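Note that the protein sequences, when read in sequence, are chains D and W.
First residue of the first sequence: 1, per this note's numbering; consecutive thereafter.
First residue of the second sequence: 1, per this note's numbering; consecutive thereafter.
These are computed hints drawn from the structure, not numbers from a lab.
Incorrect hints may appear among the rest.
One copy or any two copies: either way a pair holds, since identical chains are not told apart in the list.
[As the list claims (entries may be wrong)] Think about it this way: if two alpha-carbon atoms lie no more than 20 Å apart in a straight line, the pair counts; the simulated SDA-like pairs of lysine to any residue are:
#, residue 1, residue 2
1, Lys312, Arg15
2, Lys3, Glu136
3, Lys95, Glu59
4, Lys3, Ala480
5, Lys3, Arg502
This structure is a prediction, so every number in the text was calculated from the model and none was measured.
Number of protein chains: 2
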Amino acid sequence: MDKRDIASFRQWHRRAARLAKQAGFDIVYVYAGHDITLLLEFLSPRINTRSDEYGGSVENRVRLFRECIEEVRDEVGETCAVAVRLAVDELLGDKGITSAGDGREIVEILAELPDLWDVNVSDWNNDSMTSRFAEEGYQEPYVDFVKSVTSKPVVGVGRFTSPDTMVSQIKRGVLDFIGAARPAIADPFLPNKIEQNRPEDIRECIGCNICVSGNNLFTPMRCTQNPTRSEEWRRGWHPERIPVKDADDHVLVVGAGPAGLEAARAFGQRGYDVMLAEATRDLGGRVTRETTLPGLSTWARVRDWRTGQIEKMPNVVVYRESQMNAATVLETGCNLVVVATGATWRRDGFGRTDRAVVPGTDRSNVYTPDDIMNGAEPEGPVIVFDDDHYYMGSVISERLRALGREVVLVTPEAVVSAFTTYTLEQSRVQARLMEAGIRIVASHSLVSIGADATELRCTYTDRVSSIACTSVVLVTALTANDGLYADLVQTAVADDDDGLRRFVRIGDCYAPGTIAAAVWSGHRCARAPFAEITDEVPFRLERVELVDG
Amino acid sequence: MDKRDIASFRQWHRRAARLAKQAGFDIVYVYAGHDITLLLEFLSPRINTRSDEYGGSVENRVRLFRECIEEVRDEVGETCAVAVRLAVDELLGDKGITSAGDGREIVEILAELPDLWDVNVSDWNNDSMTSRFAEEGYQEPYVDFVKSVTSKPVVGVGRFTSPDTMVSQIKRGVLDFIGAARPAIADPFLPNKIEQNRPEDIRECIGCNICVSGNNLFTPMRCTQNPTRSEEWRRGWHPERIPVKDADDHVLVVGAGPAGLEAARAFGQRGYDVMLAEATRDLGGRVTRETTLPGLSTWARVRDWRTGQIEKMPNVVVYRESQMNAATVLETGCNLVVVATGATWRRDGFGRTDRAVVPGTDRSNVYTPDDIMNGAEPEGPVIVFDDDHYYMGSVISERLRALGREVVLVTPEAVVSAFTTYTLEQSRVQARLMEAGIRIVASHSLVSIGADATELRCTYTDRVSSIACTSVVLVTALTANDGLYADLVQTAVADDDDGLRRFVRIGDCYAPGTIAAAVWSGHRCARAPFAEITDEVPFRLERVELVDG
Chain D
1 MDKRDIASFR
11 QWHRRAARLA
21 KQAGFDIVYV
31 YAGHDITLLL
41 EFLSPRINTR
51 SDEYGGSVEN
61 RVRLFRECIE
71 EVRDEVGETC
81 AVAVRLAVDE
91 LLGDKGITSA
101 GDGREIVEIL
111 AELPDLWDVN
121 VSDWNNDSMT
131 SRFAEEGYQE
141 PYVDFVKSVT
151 SKPVVGVGRF
161 TSPDTMVSQI
171 KRGVLDFIGA
181 ARPAIADPFL
191 PNKIEQNRPE
201 DIRECIGCNI
211 CVSGNNLFTP
221 MRCTQNPTRS
231 EEWRRGWHPE
241 RIPVKDADDH
251 VLVVGAGPAG
261 LEAARAFGQR
271 GYDVMLAEAT
281 RDLGGRVTRE
291 TTLPGLSTWA
301 RVRDWRTGQI
311 EKMPNVVVYR
321 ESQMNAATVL
331 ETGCNLVVVA
341 TGATWRRDGF
351 GRTDRAVVPG
361 TDRSNVYTPD
371 DIMNGAEPEG
381 PVIVFDDDHY
391 YMGSVISERL
401 RALGREVVLV
411 TPEAVVSAFT
421 TYTLEQSRVQ
431 ARLMEAGIRI
441 VASHSLVSIG
451 ADATELRCTY
461 TDRVSSIACT
471 SVVLVTALTA
481 NDGLYADLVQ
491 TAVADDDDGL
501 RRFVRIGDCY
511 APGTIAAAVW
521 SGHRCARAPF
531 AEITDEVPFR
541 LERVELVDG
Chain W
1 MDKRDIASFR
11 QWHRRAARLA
21 KQAGFDIVYV
31 YAGHDITLLL
41 EFLSPRINTR
51 SDEYGGSVEN
61 RVRLFRECIE
71 EVRDEVGETC
81 AVAVRLAVDE
91 LLGDKGITSA
101 GDGREIVEIL
111 AELPDLWDVN
121 VSDWNNDSMT
131 SRFAEEGYQE
141 PYVDFVKSVT
151 SKPVVGVGRF
161 TSPDTMVSQI
171 KRGVLDFIGA
181 ARPAIADPFL
191 PNKIEQNRPE
201 DIRECIGCNI
211 CVSGNNLFTP
221 MRCTQNPTRS
231 EEWRRGWHPE
241 RIPVKDADDH
251 VLVVGAGPAG
261 LEAARAFGQR
271 GYDVMLAEAT
281 RDLGGRVTRE
291 TTLPGLSTWA
301 RVRDWRTGQI
311 EKMPNVVVYR
321 ESQMNAATVL
331 ETGCNLVVVA
341 TGATWRRDGF
351 GRTDRAVVPG
361 TDRSNVYTPD
371 DIMNGAEPEG
381 PVIVFDDDHY
391 YMGSVISERL
401 RALGREVVLV
411 TPEAVVSAFT
421 TYTLEQSRVQ
431 ARLMEAGIRI
441 VASHSLVSIG
451 ADATELRCTY
461 TDRVSSIACT
471 SVVLVTALTA
481 NDGLYADLVQ
491 TAVADDDDGL
501 RRFVRIGDCY
511 APGTIAAAVW
521 SGHRCARAPF
531 AEITDEVPFR
541 LERVELVDG
């Protein structure tokens with residue numbers, strides 16, 4: 001960028017502020033967060049290698065940032081606030097901006113210039129860490145100096161989910177305002193619930209970053225805790241309110257996993273009489289099982305919020321240790337039966353990349369994630385074959401490694417847990433496994449499993465090689481537990497006038513997927529239990545017309 | 001999918017055909033190409049493991065495809081054609097559909113049902129191969145049986161770019177129609193030019209798949225040969241026509257690389273008097289140098305089409321071996337000077353992932369792609385450090401391997417030539433390197449270079465390791481050759497009344513990038529040589545209004 005380029009940039013920046021003011025905004029940000037803006041790149045000595053008055057010393061590197069803040073101020077006047085977002089630490093140590101070094105100096109130089117300091121760490125992978133890798137409020141040590149340097153109010157972020165943590169940082173003078181995007185996706189009414197002193201009603205963010213994956217994949221944003229997310233306008237789903245029941249049906253929900261719990265809760269909220277039958281002693285289904293795996297404990301909130309709500313509903317009755325079959329289902333006399341019996345990990349090697357049954361998968365030294373979650377402890381060396389590519393392969397590997405096993409993670413993808421690229425976790429997942437001493441064999445698929453060796457094939461060259469191992473864990477794909485549903489299809493036809501209006505299947509027993517998808521499926525069922533599949537798109541579309549540009 | 005799901009699918013498919021007919025289309029496709037549709041998944045024994053009448057035998061697997069073809073026919077009637085697209089070979093050998101097996105049987109079963117057979121190979125990586133990996137018409141051996149099995153017309157694809165190849169396949173009875181998407185992106189007037197018997201005017205597709213990368217990256221589609229691509233509506237750029245000059249300026253273009261050649265050609269087409277000064281004996285710049293590297297020879301068409309067009313223009317004069325400086329530029333008396341002096345590969349290790357100068361890069365055993373293209377033959381073992389991530393690292397490695405060197409390709413990305421994922425080439429690039437015996441060290445950055453060893457750092461764990469090597473080739477980033485431009489900035493100020501109206505820089509000497517970007521930059525300069533950077537967006541936007549959905 002020569003001086004004319006810089007002048008152009010400042011001019012465009014000015015204009016953007018002017019347009020924002022005209023559009024009625026109350027706060028205009030000058031943005032140098034996340035490793036994504038030119039302003040941060042000018043601040044960074046790693047990127048800014050200029051030899052003129054915009055490079056070199058901190059004062060010089062701050063110059064463009066300062067000019068833009070001043071020019072925005074000049075454009076928007078005194079009735080619109082000028083906020084600054086700044087990454088005060090890049091988590092790169094000596095190679096980047098640190099809060100003990102340049103980060104602090106930048107805030108000192110500009111201390112009173114903005115109306116609000118919004119401070120965080122950079123890049124986005126660091127700023128939006130998941131619960132698997134960071135505690136609530138983890139940015140505190142990086143940003144806590146800011147209030148001592150400026151008299152202006154300071155806002156920060158850092159995976160705040162509980163009111164206690166938020167209040168603690170305010171009371172201790174770390175921040176003046178709490179920034180919380182993901183928690184507000186999980187529960188847009190979080191501030192109201194704090195104000196109304198009903199913290200138990202907060203649908204607390206589990207920190208899984210499924211929301212972020214929607215952003216990165218250009219798909220509607222989903223939330224594991226809040227199934228109404230992205231459906232507010234197009235389906236008219238309010239995050240808190242749901243229509244009162246429109247029939248006197250008695251509802252039976254079979255299975256208390258994430259789909260069944262959400263269905264029972266939402267039917268209950270609508271005022272239906274609901275029986276929730278769970279085969280085991282524990283509620284939560286896969287959520288309860290998976291939260292025993294390393295790093296996933298916060299996910300229990302998916303269960304806990306729903307069981308907490310259900311406990312307050314006299315019209316929802318929970319039956320534990322109640323294994324159902326078609327006959328006992330019909331005996332309940334319920335008019336609407338919702339089958340939410342979950343899914344089971346495949347044991348035959350058929351996965352996402354390699355859609356084929358693998359020879360040797362019938363051997364006794366072959367395990368699935370269900371086995372591990374049920375307490376199996378395979379002998380090492382263990383191969384974990386991951387053809388699922390989300391979190392399961394990596395957490396199973398961690399679990400086995402924690403048992404002292406020698407572990408080799410094999411995957412047809414080039415990286416471990418490839419899908420976690422979209423949740424911003426991939427580099428941390430792979431680093432954690434490598435640091436735990438887990439060997440990674442990427443870009444290999446499974447050819448066959450033997451008694452003490454497994455054959456692999458390179459996805460690039462098709463070359464076959466062999467790895468010695470005593471056990472294999474297959475993390476490939478799930479099969480729906482649709483036995484009860486299939487039995488109902490048979491039985492209910494023969495039993496047409498028993499008052500049963502409809503039976504449906506939801507969640508993983510219909511289509512195995514993420515926990516977010518299961519919760520969504522349960523919620524949708526309760527919103528529209530009698531919705532038939534039709535030719536029509538079942539939600540409003542943003543129909544656009546092209547106007548003259 | 002149970003039977004109700006299948007019924008729903010057929011119903012939606014019918015409706016889609018009906019809507020297409022209503023919208024006025026003349027041909028409706030039933031699509032089973034590319035490994036992307038449910039119909040192909042039902043056809044594939046690898047994916048379709050059903051035990052009912054939709055699975056098992058070929059007849060069963062064809063059932064849904066047949067039903068959909070018949071139902072589309074029923075919906076659209078006889079005034080609208082029903083075409084079928086079918087991947088007759090998945091290039092998976094025994095594991096998939098092959099043209100000698102199921103592929104042929106499917107065509108035999110459905111032979112006379114559609115009005116048009118559109119046949120190709122699957123998946124998209126195989127169907128849209130680049131010139132680096134496939135010859136023109138490479139799908140012929142897979143699809144040539146089709147005409148012998150049906151009396152209906154047959155269309156196929158396969159990177160057809162030259163009229164000769166197209167005519168050959170028609171004359172030999174391989175196909176009835178030629179399908180060519182990429183060649184029509186490179187030259188939408190290709191059919192007209194064949195009809196008008198001016199094949200030398202065809203802007204022949206080079207087969208680089210930059211167009212596909214735009215699709216995969218959700219960015220406007222670009223074309224290396226056709227800079228007007230995606231600009232037809234928003235900038236009003238016609239692929240063939242360009243406004244006649246609006247001033248009597250004499251234009252000097254310095255540098256005959258892709259940007260300079262396109263600028264000279266387009267200025268010439270507008271009617272300007274143009275001098276094109278090239279420092280060396282050869283036209284084409286980086287295009288000419290890069291086409292000497294393995295697999296890139298078709299790229300010479302970028303140069304050849306432009307030099308061919310320029311040769312026909314009496315108003316464009318080419319001066320070879322004419323190294324220019326600020327004084328000689330001003331001596332030409334041209335009113336408009338376009339600097340297109342290209343870029344040079346960096347020799348200091350500063351790249352895309354690792355934005356830092358690397359110690360030891362000043363050693364005499366360190367090379368750049370420019371050195372290799374200029375004929376340097378470093379002693380092995382050689383490390384090729386690729387922090388550029390497009391094609392250069394891989395073709396340099398291939399070149400060195402072909403010289404018999406032991407080669408290690410090191411890259412901070414998890415895969416070789418990561419950007420080529422977007423051009424559908426990544427798996428083939430990596431396979432070719434591995435099969436050539438090139439060792440790949442992924443996920444490692446460069447710490448320092450010594451006399452006979454290089455230190456690397458794991459991008460996940462930061463662990464430092466060492467690899468013995470005699471030479472290192474740095475493929476990291478380019479620096480603009482902006483010396484002449486900088487001199488003009490100085491000189492022209494002192495020489496303001498010499499008739500020089502403007503000087504600009506284009507292509508790599510302004511912003512190093514792809515060849516497509518350089519060609520675009522040259523074209524844009526000729527369309528609007530006096531366009532100033534302004535606050536306004538310099539093209540029409542698709543402004544949309546939300547209407548009630």
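Against the structure, the hints:
1. Lys312 x Arg15: neither (54 Å within a copy, 46 Å between copies)
2. Lys3 x Glu136: Answer is neither; intra-copy 43 Å and inter-copy 48 Å both fail.
3. Lys95 x Glu59: within (18 Å within a copy, 64 Å between copies)
4. Lys3 x Ala480: The answer is between: 17 Å across copies meets 20 Å, while 63 Å in one copy does not.
5. Lys3 x Arg502: Classified as between; 17 Å across copies, 71 Å inside a copy.
Checked against the numbered hints above, the structure breaks hints 1 and 2 and satisfies the rest.
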